[in-house]
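A.B. asks: Sequence:
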Amino acid sequence: MSVSERVLCIRGRCYLLPLPPEFLLFGRVLSGDEELLCVGGTLVFKKRAGVYERRVLFEGSRLTEMVVRNLRNGKEMKVLFGDEKPEGFFRSIIFELNGESLRLDVEEVIP
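Residue numbers (our numbering): 3 to 113.
Hints are computed from structural coordinates only; laboratory data are not their basis.
Keep in mind that a hint or two might mislead.
[What the hints assert, rightly or not] Cβ pair distances, simulated, as ranges:
| id | residue 1 | residue 2 | range |
| --- | --- | --- | --- |
| 1 | P113 | N75 | 18 to 26 Å |
| 2 | V9 | G76 | 29 to 37 Å |
| 3 | T66 | Y17 | 14 to 22 Å |
| 4 | C16 | T44 | 30 to 38 Å |
| 5 | E89 | L39 | 29 to 37 Å |
| 6 | L39 | S6 | 28 to 36 Å |
| 7 | C40 | M3 | 34 to 42 Å |
| 8 | G101 | L21 | 16 to 24 Å |
| 9 | R74 | I112 | 36 to 44 Å |
| 10 | D35 | E109 | 33 to 41 Å |
| 11 | S6 | T44 | 29 to 37 Å |
| 12 | V9 | C40 | 18 to 26 Å |
| 13 | S33 | E7 | 17 to 25 Å |
The beta carbon of each residue, even a glycine, is placed where N, CA and C say it ideally should be.
Take the sequences, apply the hints, and build the full model.
C.D. replies: The following block contains the structure:
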């Protein structure tokens, strides 16, 4: 597995990430121009750009999930956020795409 810029490569297949890895790691996933919905106690920030729709979900005040869906072909990438460390980054991030999942565990971030 390798990650560079906004590209995640797994077993010879590469995928464009919805945001740079450091944005995902630190939970910087909102741009400020999303539509806000409340669905059963879950806050959903929704934004559409061309054929893509991005939904960012918060349970209470905790970031839990981001889903990017291609509205044309129905394919989607999910990013699931684990526990946030006191230092301000997520300890684990799970990427789900094309029926596969990859868990990225982060022990520490060195500036």
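A.B. asks: Hints first: check each against the structure and report whether it holds.
C.D. replies: Hint check results:
no., hint, in the structure
1, P113 <-> N75: 18 to 26 Å, "40 Å, violated"
2, V9 <-> G76: 29 to 37 Å, "22 Å, violated"
3, T66 <-> Y17: 14 to 22 Å, "21 Å, holds"
4, C16 <-> T44: 30 to 38 Å, "31 Å, holds"
5, E89 <-> L39: 29 to 37 Å, "31 Å, holds"
6, L39 <-> S6: 28 to 36 Å, "34 Å, holds"
7, C40 <-> M3: 34 to 42 Å, "36 Å, holds"
8, G101 <-> L21: 16 to 24 Å, "22 Å, holds"
9, R74 <-> I112: 36 to 44 Å, "40 Å, holds"
10, D35 <-> E109: 33 to 41 Å, "34 Å, holds"
11, S6 <-> T44: 29 to 37 Å, "33 Å, holds"
12, V9 <-> C40: 18 to 26 Å, "34 Å, violated"
13, S33 <-> E7: 17 to 25 Å, "18 Å, holds"
The structure fails hints 1, 2, 12 (numbered hints given earlier, in ascending order).
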